[in-house]
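*Asks:* Here is how the chains run, residue by residue.
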Amino acid sequence: NAGVTQTPKFRILKIGQSMTLQCTQDMNHNYMYWYRQDPGMGLKLIYYSVGAGITDKGEVPNGYNVSRSTTEDFPLRLELAAPSQTSVYFCASSQGVGSSYEQYFGPGTRLTVT
Amino acid sequence: GNSVTQMEGPVTLSEEAFLTINCTYTATGYPSLFWYVQYPGEGLQLLLKATKADDKGSNKGFEATYRKETTSFHLEKGSVQVSDSAVYFCALSDRGGTSYGKLTFGQGTILTVHP
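Chains as they are written, first to last, in our numbering: chain G, 496 to 609; chain B, 93 to 207.
Okay, chain G solo, but in the shape it has when bound (with noise of 0.2 Å):
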């Protein structure tokens, strides 16, 4: 009963370094999103996929790069950290239109950029 699961927890990047966010889900979802989560405001959608091999841009898909080779998969890549990337970074996935896009979400990823 994994749903969906995000590695790492937490991770301390200096500025200019890569790395990359880990999803996986194991319902069988074709569509999976981004989002980032800052202090006091609510979710913002980086990058989503409706399918292995399309993905498409969300609302602040800048210093960030994804890709989708599988159902289960949809890793986030950031390429050059900066503080402003400093965030807590949630993937969910949803079944689609017959679930009413119904999310379902990981833990959460916290990232200090320093």
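A portion of the hints provided could be inaccurate.
[What the hints assert, rightly or not] Using 35 Å as the maximum straight-line C-alpha spacing, the simulated DSBU-like pairs for lysine-lysine come out as follows:
#, chain 1, residue 1, chain 2, residue 2
1, B, LYS169, G, LYS504
2, G, LYS504, B, LYS160
3, B, LYS160, G, LYS552
4, G, LYS539, B, LYS169
FYI, nobody ran anything at the bench for these hints, they're computed from the structure.
Computed from a predicted model, the values in this text were never measured in an experiment.
Could you slot chain B onto chain G? The hints should help.
*Replies:* Below, chain B alone, put in the same frame as chain G:
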């Protein structure tokens, strides 16, 4: 574009008090509306949803009614418990073919319930 506005927080209540968290929205289309809850140290969980006008979503004693005329989706609970302490997010998604369930969130309301 779409936007969601929640009442300013945080909200502090005593156990068994009545809870209301206001949520209003702006949308170009006819959205679906959601309340998500985030318990400390966890990801978000869907609390309830409504997909058309006058629908009432309910779960765990919480209720919210989709009011198209006032573009609102206020969350209510008649008697809160300490275990309800969490952050509550109102959200919407367009129902058009290319929306793909992308969510627009409010800023969240921190609820603390004291014994």
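*Asks:* If a hint holds in the structure, say so; if it doesn't, say that too.
*Replies:* Now the hints, each set against the structure:
no.	hint	in the structure
1	LYS169/B - LYS504/G	holds (32 Å)
2	LYS504/G - LYS160/B	violated (39 Å)
3	LYS160/B - LYS552/G	holds (29 Å)
4	LYS539/G - LYS169/B	holds (27 Å)
Comparing the model with each earlier hint shows a violation of hint 2 alone; every other hint is respected.
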